[in-house]
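Asker: Single-letter residue listing:
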Amino acid sequence: MLDRRAVVQTLLAQRGDLLVVAGLGSAAYDVAACGNEPLDFPLWGAMGGAAMIGLGLALAQPTRPVLVITGDGEMLMGLGSLATIAAQRPPNLRIVVLDNERFGETGQQRTHTALGVDLAAVAQACGFIAPQTIRQQDELTQLHQQLHQATEPVFAVVKITPSELPRTLPPRDGAYLTHRIRAALLGTAQALDG
Amino acid sequence: MVATNNQTSATEHWSNDVHRLFSEQQVTIVSFVPDGGLKLLIERCQADPAIQAVTLTTEEEGVALTVGAFLGGQRAALLMQSSGVGNCINMLSLPQMCNAPLFMLVTMRGEWGEFNPWQVPMGQSTPRVLEASGILVYRVETIDDMIPTVEAALKIAFEGHCRVAVLLSQRFIGTKNFANSGE
Numbered sequence: 350m351l352d353r354r355a356v357v358q359t360l361l362a363q364r365g366d367l368l369v370v371a372g373l374g375s376a377a378y379d380v381a382a383c384g385n386e387p388l389d390f391p392l393w394g395a396m397g398g399a400a401m402i403g404l405g406l407a408l409a410q411p412t413r414p415v416l417v418i419t420g421d422g423e424m425l426m427g428l429g430s431l432a433t434i435a436a437q438r439p440p441n442l443r444i445v446v447l448d449n450e451r452f453g454e455t456g457q458q459r460t461h462t463a464l465g466v467d468l469a470a471v472a473q474a475c476g477f478i479a480p481q482t483i484r485q486q487d488e489l490t491q492l493h494q495q496l497h498q499a500t501e502p503v504f505a506v507v508k509i510t511p512s513e514l515p516r517t518l519p520p521r522d523g524a525y526l527t528h529r530i531r532a533a534l535l536g537t538a539q540a541l542d543g
Numbered sequence: 053m054v055a056t057n058n059q060t061s062a063t064e065h066w067s068n069d070v071h072r073l074f075s076e077q078q079v080t081i082v083s084f085v086p087d088g089g090l091k092l093l094i095e096r097c098q099a100d101p102a103i104q105a106v107t108l109t110t111e112e113e114g115v116a117l118t119v120g121a122f123l124g125g126q127r128a129a130l131l132m133q134s135s136g137v138g139n140c141i142n143m144l145s146l147p148q149m150c151n152a153p154l155f156m157l158v159t160m161r162g163e164w165g166e167f168n169p170w171q172v173p174m175g176q177s178t179p180r181v182l183e184a185s186g187i188l189v190y191r192v193e194t195i196d197d198m199i200p201t202v203e204a205a206l207k208i209a210f211e212g213h214c215r216v217a218v219l220l221s222q223r224f225i226g227t228k229n230f231a232n233s234g235e
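Sequence order for the protein chains is D and L.
The first sequence begins at 350 in our numbering and counts up one residue at a time.
The second sequence begins at 53 in our numbering and counts up one residue at a time.
Quick caveat, the hints were computed from the structure, so don't treat them as lab data.
Note that this is a predicted model, so its numbers are computed, not measured.
Take every hint as true, because none was put in to throw you off.
Cβ-Cβ distance ranges computed for the label pairs, FRET-style:
no. : chain 1 : residue 1 : chain 2 : residue 2 : range
1   : D       : Gly-384   : L       : Lys-207   : 35 to 41 Å
2   : L       : Gly-212   : D       : Ala-538   : 17 to 23 Å
3   : L       : Gly-212   : D       : Leu-514   : 40 to 46 Å
4   : L       : Ile-195   : D       : Ala-436   : 29 to 35 Å
We treat Cβ as the ideally placed atom computed from N, Cα and C, and that holds for glycine.
The shape of chain L in the complex, shown without the other chains:
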C-alpha cells in the first residue's frame, strides 16, 4: 500500500535536499517507521553507504536508538508519521534527561483533507503532545519553508543540544486518497 502523492517531483526534490542536509550535519544513522510521504527520503538514506538505515517496529525504539548513538558519538535522525508520535511519549523523557539531541521529521496525517477518520485524533494532538513532552515543534506548511526549516532544526538539535520535531503538513506532502491511487 503506497500513499498517493500529488507532488511527486516536489517530493523528490525535498528528499534530495534533506538527504544532503543530513550529510552536511554528519548524520550517520537514520531510523524510521515508514510513511508514504517519507518514501523517497528513506530510499535516499538506504542507498547512502555513509548512513546506517534502521527500520523500527515502533517509533519509540528510534528515540532510544538516537540516544544510544549519541552516547557513542554519532548523530541520528528519526523519521515517522504523526501517528507514531504518540508511541514515543514516555521514551521522550530519555533524551531530555540525558541532554541528548533529538531530530524528528514527522509527516502529518489527520489534518488537511484527511479521508481516514481514524487518523484525525492523533494527527490533531501531535503538536500539543510534542510540546507537552518538552520538544520544540517546527511546522512546515509550504515547500518554500521546507529546506530552511529542516536546516534550522538540525542545527538547533545537534549544535544547540535540543530536542526538535519538524512537522510536514499534509497540505504540502499531499493528501492520501485511495480513490486516485490506482491501487
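Chain D extracted, bound-state conformation:
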C-alpha cells in the first residue's frame, strides 16, 4: 500500500494543462500539499459530487484533460455517477480513487471497500475500459501517462495506507475557488461575465 501524498505528487508532476477536481477531506489536502494551483478545484462539501463536477468540466472543456482525485468514501456516495459517466464516455475525464478503506475525517471507520466492495470492478461493470487497482509505486508511471494521453475515460483505484497526515488546507471560499479556475481557464473578463 502506498503513501497518499507521494501518489498525488507523482500524478500531478508535470501536469501541464490538467484540470483537477479534488473530493472533500484528505484528497483535497493532498492536492493542496502539491501547491494549491489555479487549475485545482478542491471541495469542502458536496460529498458524492466530485466525479460529476469532473464530468461537467470535461464536457465543457473537451480539449483539456480533467482529473478527479477523491477518496473511497466520497466515491461510494456517488456510485451512480460511474454509470452516468460510463454511459457518456467523455474521452478527457480521469477518476482516481485514493482508497484507504476508511472514512478518514470522522474517526477512521471502515468503508465498504474494507468489507469486500471492489470499486474497479464496479467501474468495469459500468463500462469503463480496463479500470485498475494499483498497489505499487511503479504502476503509477503508466497511470500518469494515461492522465495525459488516454482517449477514453480512465478509472483507477490506488490503495493507500490509512495514515493521518498533517493537513494542508486549501482555501475554503467556494466563490473564490470558482473564480480562480474560471479566470485561469477562460480569462478574467469572461470569468467575470458569467
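Assemble chain L onto chain D, guided by the hints.
Answerer: Positioned in the frame of chain D, the structure of chain L alone reads:
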C-alpha cells in the same frame, strides 16, 4: 411506462419554445432524470447537436454536473420530476457556495388530481424544500405563463447569477392516470 398527457399538442408547443429559449441562452448541456411531462423536451434536446444531453441516475448528479460545466464556461439546464428535488438537497449547497447559476425545470407530481398517494409528500414539500435550500421558486400554473416564466428564470439564473427552479403545475402538464393511459 409513459405518463398520460391530456394536452399533447400544448406540451409539444411548450417543449419547442423551451428548447428555443435554451438555445437563445446558449445552454449547451441538459441533464435529466426523465418524467412523462418532460418527454418531448428531452427528445428535442437529445436531437439537437448543439446540446449534450446527459441521463442521470439521480438528480443530485445534475446539480454537480451543472457546477462543473460552469467552471468550464458552459451553461447547463437540469430537468426533473418533483420527487427528484428531495434527492438534491445537500448538493444544492454546491452552486450556492460557488456562486454558480442553476436552472432547474421541475414537473410537479403529488398535487392536482394525483392518483398515487406515494407522490404526495414530496410533491407537497417541493416548493418549501427548494426555498429552504436558498433556491428561487417560480411556479407555472397555466400555459400562458409558461414561456415568460422560463425565459425570466433562465435570465435570472445565467445573467443574475441565481439558483432558480421553475415548477410546472400538474394542473397544466396533465395528471397521470393509468386508467386512461391505454397501457
